[in-house]
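Top line first, the protein sequences correspond to chains A and B. Quick note on numbering: our numbering labels position 306 of the first sequence as 306, and the sequence is numbered without any gaps. Quick note on numbering: our numbering labels position 5 of the second sequence as 5, and the sequence is numbered without any gaps.
One or more of the hints may lead you astray.
Same chains, same names: a pair is fine if it fits in one copy or spans any two.
Stated by the list, open to error - With a straight-line cut-off of 25 Å between C-alpha atoms, the simulated BS3-like cross-links for lysine-lysine are:
| hint | residue 1 | residue 2 |
| --- | --- | --- |
| 1 | Lys113 | Lys314 |
| 2 | Lys112 | Lys242 |
| 3 | Lys314 | Lys80 |
| 4 | Lys316 | Lys112 |
| 5 | Lys155 | Lys179 |
| 6 | Lys316 | Lys80 |
| 7 | Lys179 | Lys212 |
Keep in mind that the hints were calculated from the coordinates and are not lab data.
There are 2 protein chains.
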Amino acid sequence: MSDFRFPSRVQKLRERLTKDELDAIFISNGENRRYVSGFVSSAGYLLVTQNDAVICTDFRYTEQAAQQAPGWRVDRIGGKSDWLANLVNEFEIKTLGFESDDMTVATLERFKKALKENDATPELKPTSGIGVDLRAYKDAGELELLQCAIDIGDKAFEETAAQLAVGMTEKEAAWIFEKAVREQGAESISFETIVAIGPNAARPHHATSDSKLVEGQTIVFDCGARYQGYCSDLTRTVVLGKADDEVKRVYDIVLTAQLAAIDMVTSGMTGEDCDAIARKIITEAGHENDFGHSLGHGLGLEVHENPGVGPNAKGKLENGMPFTIEPGIYIPGWGGVRIEDVVVLENDKARVMSHAAKMSF
Amino acid sequence: MSDFRFPSRVQKLRERLTKDELDAIFISNGENRRYVSGFVSSAGYLLVTQNDAVICTDFRYTEQAAQQAPGWRVDRIGGKSDWLANLVNEFEIKTLGFESDDMTVATLERFKKALKENDATPELKPTSGIGVDLRAYKDAGELELLQCAIDIGDKAFEETAAQLAVGMTEKEAAWIFEKAVREQGAESISFETIVAIGPNAARPHHATSDSKLVEGQTIVFDCGARYQGYCSDLTRTVVLGKADDEVKRVYDIVLTAQLAAIDMVTSGMTGEDCDAIARKIITEAGHENDFGHSLGHGLGLEVHENPGVGPNAKGKLENGMPFTIEPGIYIPGWGGVRIEDVVVLENDKARVMSHAAKMSF
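Extracted from the complex, chain A is given alone in its bound form (with noise of 0.2 Å):
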C-alpha cells in the first residue's frame, strides 16, 4: 500500500468502506478519482476494495494511468461494459457502492445489465457525498497547491486591478486578469470571470458583458486561478475614481460582516453558524433582504465543494478545511459589493490565505 502517491486517502476511504458496509465502491467521478489515485484524466473509473484498488480506463489513457498513480492496477477497458462484471467476479464482491450523484441514469443501466448478463450479482448500493466528504479535508500537499492557485489569482487581479480603466468593457478587463493568471502558471481560470459594473453588479452571477466601465460605481470583479488542479476564488469591489458616501457604507457594512467571520469563525461551528455571523451584522445594517446568498463554500479541486457555508449548512467546520467567506449586500439598480477570501481553520481559527488589496477610503 505504501507504494500509493496518497496512501492516506486510500486508506480514509477503505475505513469509509467498512463503514459503511461496502466491499468496494466504483469511482466515476472525475475529480474524486483524481484525488483518490492521482490519475488525471478525461474518461476512466476506479474500483476500491479492501485489497484491491483498479483503474478501468481506455486505450487513450492507460500508460498515462500506470505514470501518475503507482500502485494501482491499471486495466484497459473497451466500449463493452462487461469488464466491471469480470473485476466483481475476480474480487468476489457482494455490495458494490456507486456514486449516485454522479452515475446517469443510463449508466447505471448499462452497468446492471452487463453485470447480469456476466453471471455478476452484487447488491448495489446508491452512495452519496463519500468522495467530497473525504475532500472537504486538505491535507499539506492539497494546502500548498491552493495556495499557488490563491497567490497566482491575487498577483492576477491586483495587475489587472491596476489597469482598470473608464471605458473598458467588463470583458475586455475579464480577459486582462486571465490572460496574466496564465501567464503566471496556472493551467485556466478556476471558473467563468465575473465582472460587473454598477447595475450589472446587483445580480450576484451577472454574465460579464460589453458595459464600460464608469467613474462612481461599484465594479464588482469576481475571478478565480486553477493550478495543478486547486481552484482558487477571490472577489474584490473597486471603483474607478472616487466613490461617494453610499458606495463607502455599503463597503463598510460587507467588509465589517467579513473581517467579523473570519475573526469568529472555529472549528466545530456549522456552516450556518458561520454564516449567521456575517448575516446578522448585514441584517443589523437593515440589509437583511440583500444578501441572497451563502456566505460561502469549501474550494479545492472543484471551485464549489464542501463543507457548504450558509444558511442552511448543518456540517461542522473543521481544522483543515477551506473555504470562502463572501458576504455581498445587492441593491437593484444601484449595484453590489461583494468581498471574498479564502481561510483555512487551522488551530480552531481561521487563518487568511489570500491577500489581495481591499479598498480603503
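On the provided structure of chain A, position chain B as indicated by the hints.
Positioned in the frame of chain A, the structure of chain B alone reads:
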C-alpha cells in the same frame, strides 16, 4: 408558438413527443436547454408538453431566462423538488420523459420522492438521445455561428503557426493560439488545445506539455474556438524546418485518405461507411493498426456530438449535418500525423467549412 426564438426546434421536439408517446419531456441537459429555448445558464430545466413550454430556474436566472427565451413561461424554483410535481399536476401529465443520459441516479430519486409526496403519479420514462438527435441537424443560423467559430479557429491557428519556433514549448504554442482565439472575439477555446511534438504526437490525446519544439519532427496541433456556444475543431500537422521523406510519406497517406473521404461522402451514407473510405486507404498503405480512433464526429454546441463517424456508427449522415473528417497515423516513438477539417453535408455532398492552410512539400 410564433413567439419562440426557435419555433421549429420546439415544433420538432413536440413531434418527437408524439412519436415517443410522451405527454411531456423534462430536459435537464444544459446544451439541450439552450438549443430548444435559447436560455443559456449553468442551472435550469425545461418542461415541454404539446401546449406548454416552461423554463424552471432559480432566482439568479429568472430575469435572464425571460429575456433570452421569449414565448416560454419562466417559473422560479427553489431548493425543494416539489415544483415538478406541481407542474405535472397542473398540466395533467401522465407520461413524463426524462433525459437518462444526463440525469444522475440521485437526482431522479429526489424527483421521484417529491412527486410521490405531492400526489403526482406520472409514468417516468427514460429517454436517450432526443436532444442530440435534434441537434445533429443544424439550421442556417447555427451554421452561420459554427462558421464564425471555424473562421476564428482557422485564423488563430494560422497566426500561431507563423510564430512556432524551435525551443518553444507545446504549452507556449497552445497559449499563443488561445490568446488569438479570444482576441478575435471567441468566448473561449472549445476544448483543451493539444500540441504534440515528435513522439508525443504518437498519442492522439497527448496532454500538452513542456516538451520543446524541434526541427524535423511532426507537430500535431488540435484546436478549436467557441463562438456564441458553437464549437470549432481543427487539426493541422506541421514541421519546423525540413520535412524528411518519412514525414512526407505518412503525411501524404493521411491527406489522401482525408481528401478521399471529403470527396466521396454523400448524404444517406452511414458514419461507418464514411469512416471506411479513409480507413481503407490507410490500411492499404500498411498502417492498419496505426489509426486507432474514429474518422470524425458531429459538432455544434458540444465539440463532440451526433452524428457519429466511426467504425461502429450505424446512423446516417444527412444534409444539414456538420462533422469532422480527421484521419491520423500514429507510430510509437516516431510521432503522428492527423489532418482534420469540418464539413457540412449540403445537396448530398460535403462542403468544407475550415480553410486553414495544410502543408505542401
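Going down the list of hints, with the structure as the test:
no., hint, verdict
1, Lys113 <-> Lys314, "between (38 Å within a copy, 22 Å between copies)"
2, Lys112 <-> Lys242, "neither (64 Å within a copy, 54 Å between copies)"
3, Lys314 <-> Lys80, "between (42 Å within a copy, 16 Å between copies)"
4, Lys316 <-> Lys112, "neither (36 Å within a copy, 29 Å between copies)"
5, Lys155 <-> Lys179, "both (12 Å within a copy, 20 Å between copies)"
6, Lys316 <-> Lys80, "between (42 Å within a copy, 22 Å between copies)"
7, Lys179 <-> Lys212, "both (19 Å within a copy, 22 Å between copies)"
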